[in-house]
Amino acid sequence: MLDAAFFRRWMTVTAASVDREAERLTALDSPIGDADHGSNLQRGFRAVTAALEKEPPGTPGGVLTLAGRQLISTVGGASGPLYGTLLRRTGKALGDAGEVSAEQLAEALRAGVDAVMTLGGAAPGDKTMIDALVPAVDALGNSFTAARTAAEEGAVATTPLQARKGRASYLGERSIGHQDPGATSAALLIAGLVEAAGE
Amino acid sequence: MKMLINVPESVVADALRGMAAAHPELTVDVENRVIVRRDAPVAGQVGLVSGGGSGHEPLHGGFVGPGMLSAACPGEVFTSPVPDQMLRAAAAVDSGAGVLFIVKNYTGDVLNFDMAAELAEDEGIQVAKVLVNDDVAVTDSLYTAGRRGTGATLFVEKIAGAAAAEGMPLERVEAIARQVNESSRSFGIALSACSTPAKGSPTFDLPPGELELGIGIHGEPGRERRAMMTSGEIAEAAVEAVVEDLQPRNPVLVLVNGMGATPLLELYGFNAEVHRVLAQRGVAVARVLVGNYVTSLDMAGASLTLCQVDEELLRLYDAPVSTPGLRWGM
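If you read the protein sequences in the order shown, they are chains A and B. If you're matching positions, the first sequence starts at 8 in our numbering and goes up one per residue. If you're matching positions, the second sequence starts at 3 in our numbering and goes up one per residue.
Just so you know, these hints were derived from the structure itself, not from any lab. The C-beta atom is built at its ideal place from N, Cα and C for all residues, glycine as well. Some clues are possibly wrong.
Only some residues are given here: those of chain B computed to face chain A with a beta carbon under 7 Å [claimed, not checked]:
1) Thr81
2) Asn107
3) Leu113
4) Asn114
5) Gly202
6) Thr205
Stretch by stretch, here's where chain B covers chain A in the computed footprint (C-beta under 8 Å, at least three residues) [said to hold, decoys possible]:
7) 100–108
8) 112–120
9) 148–156
10) 189–195
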């Protein structure tokens with residue numbers, strides 16, 4: 008079973024990997040976006056870490072809804088509402104339980120991903136974070152490691168796609184050949200599950 | 003890359019502190035990043051709130067003041083502000099007559115303003131929204147995020163601001179803002195990419211001797227790259243793109259807008275070419291603005307915006323305005 012401490016670790020290790028990868032994310036965002044994805048997410052996850060230290064919630068759902076609220080309040084751009092909604096809705100779906108199973112997490116995360124698709128209007132294949140998140144949620148029933156692999160493969164698979172959502176879509180065909188920064192950061196979030204579980 | 007900054011993390015806060023020092027007629031909340039006209043809320047008047055990424059100065063903070071915006075929310079460089087800022091701004095300017103959000107069509111701005119509108123309505127503030135999407139370089143279709151919002155933002159903010167100043171109700175101010183947007187089209191050209199403070203180098207590679215047609219205002223490349231053209235050739239391309247789409251029957255407002263690093267000498271020369279081509283096409287010009295209004299950091303280049311106006315829109319455009327970036331008649 009997964010307790011609040013696991014979810015706090017998940018957020019903390021994700022914040023650390025976003026810190027490490029910030030420059031790479033910004034570099035990916037430079038040819039097709041506006042060169043700020045790394046620095047924006049870094050600012051957001053630093054706020055998440057600070058908020059979790061200040062008032063650590065006692066439930067998995069509480070951890071994720073607090074993290075989501077912090078991201079909405081600090082990231083800006085499209086990433087703030089999208090990542091914020093992902094974590095907030097996942098947290099809400101987990102409810103007040105003190106511990107949750109991996110299956111419950113998978114189910115809640117699917118609700119979170121659905122909410123992101125509704126908010127942003129993106130579907131798989133549009134070259135967005137959804138291309139990493141959907142395969143990850145599908146694989147989460149097997150193991151965290153399988154979800155990580157699926158997310159990473161999903162992110163890489165965005166390279167040949169033409170963007171149909173977000174700022175990259177304004178480039179039309181010129182968005183082809185670049186890995187999507189949002190899918191890349193989403194893969195970092197999923198990879199954080201493996202690290203938090205110590206697998 | 004040399005920039006007149008301390009560290010990239012503090013560029014927006016530093017700029018706001020400087021703005022506060024330069025403009026005592028505005029209330030600049032540096033910590034929460036909201037710029038409000040000093041006398042807000044103005045009784046009986048609809049509040050106008052806009053905002054977006056920083057790096058487009060004087061848009062939007064420079065357009066706060068009597069006759070234009072009531073408040074502006076600057077985000078990080080090229081990044082939408084967050085809903086908390088918009089909610090603060092709405093609360094500061096709402097006199098009970100409601101608030102109009104003026105939103106440029108970029109996914110981040112749209113999502114954050116949508117979330118803010120929900121929060122504001124929870125607090126009993128009546129909110130209407132108008133989406134600015136004037137950029138003809140981006141084709142509108144089922145599969146894209148739609149047209150970008152660029153230069154027409156200035157016309158929407160100015161004309162809707164005058165409507166609000168006259169005491170028109172929220173539905174009317176909103177309808178006028180929509181009419182201005184629907185009557186406006188823009189097209190941008192980059193001679194160089196811009197550099198964001200966070201990245202410190204050009205956001206895309208534009209070799210010497212080439213230009214980008216159809217650029218936006220966020221350092222993203224355009225739709226097409228060509229060998230360098232003369233000012234006259236660029237004016238022909240820009241006017242053609244805008245006029246083909248707008249098909250103006252009324253006189254137009256003309257905005258020849260610098261992207262940040264192009265001197266007025268070049269912008270005025272470009273304006274001359276724009277007027278030559280408009281005259282050839284039989285398009286009557288009502289008013290002209292030439293200068294840096296909706297910029298993209300240190301990008302060299304220009305954008306052209308045309309807005310066709312009827313008598314009411316022209317009267318509202320001519321109405322007095324007093325802001326750091328636009329001032330006439332008072």
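Tested hints:
Interface hint at threonine 81 of chain B: satisfied, since its Cβ lies 4 Å from the closest Cβ of chain A, which is below the 7 Å cut-off. Interface restraint check for asparagine 107 of chain B: the shortest CB-CB distance to chain A comes to about 10 Å, outside 7 Å, so the restraint is violated. Checking leucine 113 of chain B against chain A: minimum C-beta separation of about 4 Å stays under 7 Å; hint holds. A least Cβ separation of about 6 Å between asparagine 114 of chain B and chain A falls short of the 7 Å threshold, and the interface hint therefore holds.
At about 10 Å, the closest approach between the beta carbon of glycine 202 of chain B and any beta carbon in chain A exceeds 7 Å, and the interface hint on this residue is violated. Against a cut-off of 7 Å between C-beta atoms, the interface hint on threonine 205 of chain B holds, since the closest Cβ of chain A lies about 5 Å away. Only residues whose C-beta sits within less than 8 Å of a C-beta in chain B count toward coverage, and the stretch 100–108 of chain A has 0 of them, not enough to reach three; the restraint is violated. Note: the stretch 112–120 of chain A has 0 residues with beta-carbon separation from chain B under 8 Å; the three-residue rule is not met and the coverage is violated.
Only residues whose C-beta sits within less than 8 Å of a C-beta in chain B count toward coverage, and the stretch 148–156 of chain A has 0 of them, not enough to reach three; the restraint is violated. For the stretch 189–195 of chain A, the proposed coverage by chain B is not satisfied: 0 residues have a C-beta within less than 8 Å of a C-beta in that chain, short of the threshold of three.
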